[in-house]
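Spelled out, the chains give:
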Amino acid sequence: MSRLEVSLAGVKLRNPVMPASGTFGSGYEMSEVMNIHRLGAVVTKGVSMEPWLGNPTPRVAETTSGMLNSIGLQNSGIEELIKIDIKSLQEYRQKGGVVIVNLAGHTIQEYIQVAERLNSESIDMMELNISCPNVKEGGAAFGTDPSVAEKVVREVKKVCTKPLIVKLTPNVTDIVSIAKAVEAGGADVISLINTLMGARIDIEKRQFVLAKKYGGLSGPAIKPVALRMVHQVAQNVKVPIIGLGGIITAEDAIEFIMAGATAVAVGTATFNNVNALENIIDGINTWCENHNIGNIMEIKGVV
Amino acid sequence: MSRLEVSLAGVKLRNPVMPASGTFGSGYEMSEVMNIHRLGAVVTKGVSMEPWLGNPTPRVAETTSGMLNSIGLQNSGIEELIKIDIKSLQEYRQKGGVVIVNLAGHTIQEYIQVAERLNSESIDMMELNISCPNVKEGGAAFGTDPSVAEKVVREVKKVCTKPLIVKLTPNVTDIVSIAKAVEAGGADVISLINTLMGARIDIEKRQFVLAKKYGGLSGPAIKPVALRMVHQVAQNVKVPIIGLGGIITAEDAIEFIMAGATAVAVGTATFNNVNALENIIDGINTWCENHNIGNIMEIKGVV
Amino acid sequence: MIREVAKVVSNNECTSDVYELKLLVPGIAKDAKVGQFVNVYCKNQVNLLPRPISISEINGDELVLLCRAVGVGTNEFRDLKENDEIVIMGPVGHGFTICNEQRIALVGGGIGIAPLVELAKLLPKESTSVYLGIGKKEEVGFIKEELFRKECMGVKVATMDGTYGTKGTVMDILGDEIFDMIYACGPLPMLKALKKYVDKNNIKAEFSLEERMGCGGLGTCLSCVCKIKVGDSEKWEYKKVCSYGPVVDAKEVLFDE
Amino acid sequence: MIREVAKVVSNNECTSDVYELKLLVPGIAKDAKVGQFVNVYCKNQVNLLPRPISISEINGDELVLLCRAVGVGTNEFRDLKENDEIVIMGPVGHGFTICNEQRIALVGGGIGIAPLVELAKLLPKESTSVYLGIGKKEEVGFIKEELFRKECMGVKVATMDGTYGTKGTVMDILGDEIFDMIYACGPLPMLKALKKYVDKNNIKAEFSLEERMGCGGLGTCLSCVCKIKVGDSEKWEYKKVCSYGPVVDAKEVLFDE
Ligand SMILES: Cc1cc2nc3c(=O)[nH]c(=O)nc-3n(C[C@H](O)[C@H](O)[C@H](O)COP(=O)(O)OP(=O)(O)OC[C@H]3O[C@@H](n4cnc5c(N)ncnc54)[C@H](O)[C@@H]3O)c2cc1C
Ligand SMILES: Cc1cc2nc3c(=O)[nH]c(=O)nc-3n(C[C@H](O)[C@H](O)[C@H](O)COP(=O)(O)OP(=O)(O)OC[C@H]3O[C@@H](n4cnc5c(N)ncnc54)[C@H](O)[C@@H]3O)c2cc1C
Ligand SMILES: Cc1cc2nc3c(=O)[nH]c(=O)nc-3n(C[C@H](O)[C@H](O)[C@H](O)COP(=O)(O)O)c2cc1C
Ligand SMILES: Cc1cc2nc3c(=O)[nH]c(=O)nc-3n(C[C@H](O)[C@H](O)[C@H](O)COP(=O)(O)O)c2cc1C
Ligand code: FES
Ligand code: FES
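Chains as they are written, first to last, in the working numbering: chain A, 3 to 305; chain B, 3 to 305; chain C, -11 to 245; chain D, -11 to 245.
Don't read these hints as lab results, they were simulated from the structure.
All C-beta atoms, glycine included, are put in the ideal place defined by N, C-alpha and C.
One or more of the hints may lead you astray.
[As the list claims (entries may be wrong)] Sample of chain B residues at the chain D side, in silico, Cβ under 10 Å:
hint : residue
1    : G24
2    : P53
3    : G68
4    : G221
5    : V276
6    : H293
7    : N294
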C-alpha cells in the first residue's frame, strides 16, 4: 500500500484528498487548470431529480477569512449529470480515480429517486447532502433532527447499491447524536462539515449582501469548529469520516486526520488558489516522508 | 438625547459600545492603557459564589482570524469582586458609566446566590452567562435546551432586582427557540453570541493545542454567524439585544445594529489592539455624522 | 486560463480613486482576448475571493487594468509599486465579438469604460463612435479620451453634474443616432436603459456584465449567474457571467426590475 | 504600558533561525526594565494575538529583541527591514530584581538567553558567572558570548551535541558550584531541573516563564497562568505570567510533572 492510499467503506483512494461538493463543478471544468488525475476522489456538485434554478444573486459574499454562499443547489438535474458530467469523468475513473456524486433533494422521495437512478451508473459512491442551509425543504431540515436524519438515511440506503456517504451540517446543538443516528440508519461514511449559517450586511446599502440574506459560511474561519466536530464524531462512531471545513494547507489536512478523519475535502481554498488541492497532496506526502510515515493512516486519530 | 445614547431595559448608556465579558478583566486593569470613561458600559469577567480555579494551560490558541480560549471562568469569587472590582468601578459609575456584572454558576442555586449577593451592590445590570463552553456543569449546559434555559432565567429573575441580561451560546440548532424561552423566563435583555466550540491541533506534538482540547472560538472568524443569529433573534423577540462576536471595526458594530442590536460588545479585538473600543466609538460617531443620523437607534434593524 | 505571478510594470493614479495598473504577465497576455477579464488575488490573507477586473488593453506581454478603489481589494492593489508581484488568473470568459457593421457605438459608464479601450483599437476607426458617461469632470482623468479620439471617429462625454461635456447620462448623448451595433459596459442602471433602447430599436448589442464571483471563472461555483432567455420564449435560465459572459448578447439577457 | 509604532533600526540574522531586531520605540524604551517583555503584533491580519518577546537590551530610545523564528509571527518579523514599522505594546510585567549577592549565576537555555543580556550589564561583573545551554555550535551566533564575557566574570557554554563547549545541558556545566542567587530563563525542562537544584540547595532564584497569552499583559484574559504556591502550604493558585511574572521567585512556582 502506498504512503497516501486510504480506504473508505471498501473503496480505495490513491490519496485522502478530494474537492468539496459544490466547489469543483463536476471536475472536468477544472481539467483546464489542474491535473485532476492526482485527486483521490472527485465529488460532483449536488444533483436533484429535476433541474433546480437556484437562488437570486448576489450568491456569494466575502467575510474575514471565509465566504458566504447561497447558491441554492442550482443544477440541471440527474439526466444531464449522467449524460455530461459523469461521462466526462470516466477517463479519470478508469485511471483509478474515485467518483462521488453528491445528492440533493427536497423530499426523501427525491433523494431515493436520484439514488436509484444512479445505481447503474459508473460511479463509486454517493454523498447524501442533508445539510444544505440554502434550500427551504430538504437540505439542513433533514440534518438537524437525529430521528429524521436516521430515517432519510435508512430509506436511501434501502435502494442505494453504492457505499453511501452522509454529509452533516454543523448548525446543531449535538453533532454526535446526529452522527450516531445516521450511522444507525446505515451510513457507510460520514462527511462533515457543511457550512455554518451566517450573514453579512452592506452598511451603505443597508441591506444584506446576499439576496437570500443568510448563507453558508466556509473557509479557514470555520476550521476550528470543523475540527472539533470531526474529533467528537470520530470518538463516537465506527464508520470512517471525511473531514472538511476550512482546509487550506497540508498541515490543515493533517490536523483533520489526526482528529480522526480518514480522508479530507477542500472547498473554498480552491477559489483562492487553483493549485490548492495539488499543493495539499504534495504537502501531505512530504510531511509523511519527513516524519517517516509509511501510510498516512498511522496518524489517524492520534490526538 | 445625544447621537450615540441608547437605552437597555431602562438603563441609559452614553454609547452602545462595551467590552465583552472575560476580555476586559473588571475594567480597572485597562485604565492604564485607555480611558474607560468613554465606554457605554463595562462588563466584568464572569463571577461565581466561591473562587474557581479555572482550567490548566495552554488556555488560548490562535486560529485563522480568531482565537480559542478555555479559561474555565477562573475567578476569585463574589466577595473579592465586590471588595475590589466593583469598588474600583465606582468612579466610572459615578461619572455616568454603566456597570454590568457577568454571573457564572455550576447550578441554578449558585446563580441565584450570586444574584442575591449583588442586588444591594452599586451595579446597574447583571448578565447571566448560560453559555460558557468551558465548564462542565452550568455554562452552556443551561443554554442549549429551551426549557432549561427558561427555568434558570425564571429562577434568577425571582431574586434579581436589577435588569437581567441573558447571554446565549451559538452552539445550538435553533437560537430562536432559546431566545424566546429566556424572554418568556423574564430576561430583560439578550446578549449573543458567546463563543463557538472549536479545536486546534499541533501536528508536530500530535496533541490539541489547548490543555482541555476544545475551547471557545471568538474573533472576526465568527462574525457572520453572530450577525445571522442577532438578526434571527431580533425578528423574534421584543427585548433589546446586545450583539457581539468578531467586532473589530465601527463598521462591524454598525452591521450588528442594522441587524437589530441595541448595543454591541467587543472582545477579541481588544487583545489585538487596546484602542479597539475607543476606535469603534469614534468610528460609529463619525459614520453617523457623515450619514446625518441624529441618534444611532435610527438604523437599528433597518435591513 | 492559468494562474500566474504578474510583475507590476507601472501603477499610475488617474483620478483620486482610479489607477492604471500595467502588468507583465506573458502567459495570460498571450491568450487574452478583448472583453475578457482576469482575477486579481489579495495579498491580505483575510480576503480569499478573487477580484475580477476587465482587461483594458493587451500590449504584447503586458496587460493594462483600469481599477477603481472601492473596497479592501482594489485599495490594496492601488498601493502596488513597480516590480511588486501579484497573483493573477486568466484570461477568463467570453469577450466581445468583433463585427464589421457600419455604425458602431461604444458605450461606457464609469469604470465600465475599461474593456472598451482595447475594443476601440480593434474596430474600424471610421465606423466607431464612443459615448462615455461619468460622474464629474475629475473623472476625465481615466477615460482615455485621447486614445478613443485616435482610434475612433468621435467621442462624446456626459457628466452627471455637467462639469464636462453634456450634462446627464450616457443615454442623453446617444440621442437619436442610429446604430447597427452597440458594445456597452457600465453600471446596471445604464445597461437597463440601453437594453430598452436596443430592444425598442432592434439594434444588435453586446453588454459586459458584472456579478459577484466565488471561483473567479473556473465555472465551478455557480455564484455569478445572470438570467439568459431560453430560445424565443418567456423562459430564462441562470447562466454563469464568468464563463458564458462576461460579454453577453443584449437580446438574451434579462434584468430584474 | 503603551501601544506604540516602532521603527526598525536594524534586523540582523544571527543564525539560520535567530535574528536580532533593534527597534526605535522611545515611549516604551523609556519605561522598560530588565526582564520585562513587549508584545509584537503581526501585520498579517489573520493573526490577532500578540507575540510576547523579552526585552533583551535597553539602549536609550532603542530596544533590542532576540527572536527565534518558530511560527507565522516570528517568521513575519524576520522579514522586517530597516525603517519598516511595526506595532508594539509594552513594557509588560515584572522583571528581574537586581541583587547584591556575591555569587550570582545567569543561566540561559536557547533563546531564553535573551533577557539575560541586559541583566548581565546591570549586575556587578565580579560576582556574576554565565551558563548558557544551546543545541549546537551554529547557535553560538546569537548567544552574545563576547558581551557576556565583557560584563561578567566567566562564561561557560554547553551544547547538546558537543560541537562547542561542554557536551550536555546547562545543568552539566553548573556542576557543583555554589551560588547565592540564580537568574534563569529557558525551556521548561531546564527550569524544572533548575527548580530541583535550587530547592535542594536552598538557593535564591528567579525564573522568567513563558505561557501562551491572549491579552498580552493587560492582565484581563487570564490565559497565561502558572501555579504559584500560597504561603508555605501545599496549596497553589493560578497567577498571571504576564503581570505577576514573567519573572517569578523560583521557590514560589510549581511545575506540573
Ligand atoms: C467581469 C468583471 C469585470 C470587472 N472589471 C472591472 C474593471 O475593469 N475595473 C474595476 O475597477 N472594477 C471592475 N470590476 C468590479 C471589481 O471586480 C470590483 O470593484 C472589485 O471586485 C471590488 O473588490 P474590493 O475588494 O475592492 O471591494 P469589496 O467590496 O471589499 O469586495 C468584497 C467582495 O465583493 C466582490 N465585489 C465587490 N464589488 C463587486 C463588483 N462590482 N463586481 C463583482 N464583484 C464585486 C469582490 O470581488 C469581493 O469578493 C469588474 C467586475 C466584474 C465582475
Ligand atoms: C514572556 C515571554 C517572553 C518571550 N521572549 C522571547 C524572546 O525573547 N525571543 C523569542 O524568540 N521568543 C520569546 N518568547 C516566545 C515567543 O513568544 C514565541 O516564540 C512566539 O510567540 C511564537 O509566535 P509565532 O507566531 O512565531 O508562532 P506560532 O506557533 O505560529 O504562534 C501561534 C500562537 O501561539 C503563541 N505561542 C507560540 N509559542 C509560544 C511560546 N513559546 N510562548 C508563548 N506563546 C507562544 C503565539 O504567541 C501565538 O499566539 C517569549 C514568550 C514569552 C511568554
Ligand atoms: C459555493 C459553494 C457551493 C457548495 N455547494 C455544495 C453542494 O452542492 N453540496 C454540498 O454537500 N456542499 C456544498 N458546499 C459545501 C462544501 O462542500 C463544504 O462543505 C464547505 O464549503 C466547507 O468546506 P471549505 O471550508 O473547504 O469550503 C458548497 C460550498 C460552497 C462554498
Ligand atoms: C479569553 C476570553 C474569556 C471569556 N470569558 C467570558 C466570561 O467570563 N463570560 C462570558 O459571558 N463570556 C466570556 N467570553 C466570551 C466573550 O464575552 C464573547 O462572547 C466572545 O469572545 C465573542 O466576542 P468577540 O469575538 O468580540 O471576542 C470570553 C471570551 C474570551 C476570548
Ligand atoms: S465565478 Fe464561479 S461559476 Fe462564475
Ligand atoms: S495574557 Fe492576558 S492575563 Fe496574561
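Measuring from the C-beta of P53(B) to each C-beta in chain D, is the shortest one below 10 Å?
8 Å, holds
Hint validation: H293(B) versus chain D, beta carbon distance must be below 10 Å. Holds or violated?
26 Å, violated
Hint validity - G68(B) Cβ closer than 10 Å to any chain D Cβ:
Status holds, d = 7 Å.
Less than 10 Å between beta-carbons is the criterion; does N294(B) satisfy it with respect to chain D?
N294(B) check fails; min Cβ-Cβ to chain D is 31 Å, beyond 10 Å.
Tell me if the interface restraint on V276(B) is satisfied: Cβ within less than 10 Å of some Cβ in chain D.
Since the shortest Cβ distance to chain D is 5 Å, the answer is holds.
Does the interface hint hold: is G221(B) within less than 10 Å of chain D, judged Cβ to Cβ?
6 Å, holds
Restraint outcome when G24(B) is required to lie within 10 Å of chain D by C-beta distance:
7 Å, holds
Taken one by one, the earlier hints fail for this structure at numbers 6, 7, listed in ascending order.
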